[in-house]
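Chemist: Okay, here's what each chain looks like letter by letter:
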Amino acid sequence: MSATPAAAAELFRPALSRRRVAGHIFAGLCLAATLLSVVALATLLADIAAEGLSLVSWRFLTRFPSTLDPLKGGIKSALWGTIWVIGLTILFAVPLGMGAAIYLQEYARAGRIKHWIELNIANLAGVPAIVYGILGLALFVRWMHFDRSVLSAALTMSLLSLPVIIIATQQALAAVPNTVREAAYALGATRWQMVRSHVLPAALPGMMTGIILALSRAIGEAAPLVVLGAQTYIQFTPEGLFDMYTVLPIQVFDWADRPQKEFHQLAAAGIVVLLAVLFVMNSVCVGLRGWQQRKHLG
Amino acid sequence: MTSGRGYRRFREGGIQLLLMLCASISVLTTLGIVVVLVSESVPFFQHVSPLAFLTGTRWTPLLEPRSFGVLPLVWGTTVVAGGALLIAVPAGLATAIFTSEYAPLWVRQVLKPVLEVLAGIPSVVYGFFALHFITPHLLRPLVPQTEVFNAASAAIVLGIMILPTICSLCDDALRAVPRSLREAAYGMAATRLEVSTRIVLPAALSGVVAAVLLALARAVGETMAVTLAAGHTPKLALNPFTSIETMTAYMVRVCLGDAPAGTVEYQSIFAVALLLFALTFAINWIAQRTMFRFREVYE
Amino acid sequence: MSVVSTQPQSPGRFVPAPRITPANRTPPPPGAAPVLRTQRLTVAYRHKAAVREVTLDIPPRQVTAIIGPSGCGKSTLLRALNRMNDFIPHVHVDGSVYYRGRDIYAPGSDPVALRRRIGMVFQKPNPFPKSVYRNVAWGARINGYRGNFDELVERALRQAALWDEVKDALHRGALELSGGQQQRLCIARAIALQPEVLLMDEPCSALDPIATARIEDLIDGLKKEFTVVLVTHNMQQAARVSDRTAFLLMGQLIEVDETARIFTNPSDRRTQDYITGRFG
Chain X
0 MSATPAAAAE LFRPALSRRR VAGHIFAGLC LAATLLSVVA LATLLADIAA EGLSLVSWRF
60 LTRFPSTLDP LKGGIKSALW GTIWVIGLTI LFAVPLGMGA AIYLQEYARA GRIKHWIELN
120 IANLAGVPAI VYGILGLALF VRWMHFDRSV LSAALTMSLL SLPVIIIATQ QALAAVPNTV
180 REAAYALGAT RWQMVRSHVL PAALPGMMTG IILALSRAIG EAAPLVVLGA QTYIQFTPEG
240 LFDMYTVLPI QVFDWADRPQ KEFHQLAAAG IVVLLAVLFV MNSVCVGLRG WQQRKHLG
Chain A
0 MTSGRGYRRF REGGIQLLLM LCASISVLTT LGIVVVLVSE SVPFFQHVSP LAFLTGTRWT
60 PLLEPRSFGV LPLVWGTTVV AGGALLIAVP AGLATAIFTS EYAPLWVRQV LKPVLEVLAG
120 IPSVVYGFFA LHFITPHLLR PLVPQTEVFN AASAAIVLGI MILPTICSLC DDALRAVPRS
180 LREAAYGMAA TRLEVSTRIV LPAALSGVVA AVLLALARAV GETMAVTLAA GHTPKLALNP
240 FTSIETMTAY MVRVCLGDAP AGTVEYQSIF AVALLLFALT FAINWIAQRT MFRFREVYE
Chain U
0 MSVVSTQPQS PGRFVPAPRI TPANRTPPPP GAAPVLRTQR LTVAYRHKAA VREVTLDIPP
60 RQVTAIIGPS GCGKSTLLRA LNRMNDFIPH VHVDGSVYYR GRDIYAPGSD PVALRRRIGM
120 VFQKPNPFPK SVYRNVAWGA RINGYRGNFD ELVERALRQA ALWDEVKDAL HRGALELSGG
180 QQQRLCIARA IALQPEVLLM DEPCSALDPI ATARIEDLID GLKKEFTVVL VTHNMQQAAR
240 VSDRTAFLLM GQLIEVDETA RIFTNPSDRR TQDYITGRFG
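Protein chains in written order, with numbering that gives the first Met the number 0: chain X, 0 to 297; chain A, 0 to 298; chain U, 0 to 279.
Isolated chain X (complex conformation) (with noise of 0.2 Å):
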């Protein structure tokens, strides 16, 4: 050991003021990245809002889709088709990710069955959207013969729900503490009372808020019914399951792909529609999610 310690102690060059430089500069870097959601999403927002805003209207809302007069036509038949997909799509997602999740959650013996299940989950709820439509065409609409029509889409995008539904109501019903499930045994129910009564409606708005969410994603999922065949430019609205049909995302899409500008405007207006009523959905979560704290505090 030649340095003595006061040797030691000069050969230290904190070059503070470089270090603080390059600080402040890092920060600005990072600040700048933070500003880019905001910018990118205010932008994006400014435009469709430009573009399409005008257009939007009762008439709108409520005309088919012209080809002669396309500023006068509307979405209509996009809105309705949306209408039913979505609504058959709770019927059958619902309670068939609410079952699955239950089961997991409060029925099956932790072992290698469940870690493989849950794990499965995990991995469809990272499979590509479009691969269920995939799945979709050859199950539904080939196999058995539903063909175009909104129950395939339904069953589909059911299918493509359920993943996100049982995680989300999974997640809800474990933060239901023990203690609920305990008192409940101890008063003689039996596993179905007591996660009827007690468990369920603990973790009712969490569980709402996963199933909102996971319909907020298919309302806005096109990919899959483009493989099914959903039509892009019709007239009629669906009367019934076996009826062929089209969705907002579908219209969008189709207006946007289109090379005249009046198609670009017709395509915000419907974006405009669309986002409002994810906007709808998400305001309803939020609102569950205060429910939530408040049921948690009170």
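Okay, derived cross-link-like pairs now, DSS-like style, lysine-lysine, Cα gap no bigger than 30 Å in a straight line: (1) X:K260 x A:K234; (2) U:K222 x U:K123; (3) X:K294 x A:K111; (4) U:K222 x U:K166; (5) U:K166 x U:K223; (6) U:K123 x U:K47.
What the hints contain is simulated information worked out from the structure, not anything from laboratory work.
Fair warning: this is a prediction, and the values are worked out from it, not measured in the lab.
Please build the complex by placing chains A and U on the supplied structure of chain X, with the hints as guidance.
Modeler: Positioned in the frame of chain X, the structure of chains A and U alone reads:
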């Protein structure tokens, strides 16, 4: 409610069975996907050898002379997804560092809804934005030879789409690093930059990697935005300002067309879908393993 | 973690401390100028004061212990000495802390420069997930050390009484060491920067008695070169190791005196009660 322990047990058993059937649907879904993809691809691979498929560089299934080399589609997907990562990873990571190491609490609370909205906007909307805003008003002024459909605009909007994923997962990873490590570093006269980049970030690295992989899988599977923005000309081009075709866009093209069932073009959808599924499955699997290992360290 | 600085980190006009040469490292005569001095220091979190109007001198090259029941503000007081409280949101500091005659909380003073001279060892050992060598060298590297790193690491590890145990495993992970070894590594890491003051926040509370004893011996050796401020909830430890002891109760400094005198003949009734185990 009728009495009788036998009846009650029967009911309970019935309910449990019903619920188990619900859970088994997920297993059946995976099985269904694999079975459908493989079985419908088999006739395709009788026409086109798997080797020619995976290594061929010309993809012209609908024009004569027909060629089924999938590499142009894979390249298109790579360019667009890679470009998206190029944008989203630095921006998302820097945002995450900002919210976890620098900014006061309210910044995160304001940013959270912004990111949620960005994540919730449907793919078609981003496609529209790319086609009608990014290309004419952002790219054309900078690079005049930009085509109407181009890979760059698709990469940009795809980057914005996956930014929330990367940002929130990286934020989680950074926050999982225990506070005591930061304190130790600050106690040794380190600046915030040094603590963030030389202690916290390396400690959170596998979590960050998992986040990037998950975002990559999402980008690879994206359909509507790239279909609208990047175009339908499969080619192995290095220039990002020209149109290409991704695997997903190809599938949309054929489905919107009139290829009858049983033809090679129709079957090619399934082959491409099989490849797409295999790719995203592999990326997701690696991502989840990495995330699992990361969580093990910090929990 | 939300990291907020309560003081603007603007360019400091911090004057470098005078060179520390062997000549002025001999033990000071009693009454030598304190190296650290707090003056009516108050630290509050969201309007709840954790430290109230504490005026305390820290004499150089001695071990000053701060004792008191849990929750009395000892750690907060310690952390105020090197501005580690800056990282806690909604913290408010009143009064002053003088290091070498300058108030470290004055606007324009640089906490980063301060922390190079006032190092800290924490309650739970917190080595970086790196090798032993890189743990010890990290601070020196950040602060632009120009000398020989191998010598620096060896010297610090010897002073921390850890060299013999790790000299053949310098490049193994620090997390593979035992708890006591990790804490000595943290001490080595801190003293590698050659600080003037070493703050130790209950360094032994997470360790077993044998490891504790080794660190207490170590502290005794450290005071030849460093000024040590030691927070401990273990009175016997304070009695064994320190030269002066300060007793804190509910954020207020009740009494400070030579250790021997505090433990045999305290002036304040409350000190007496605490030491005899009436409460705490």
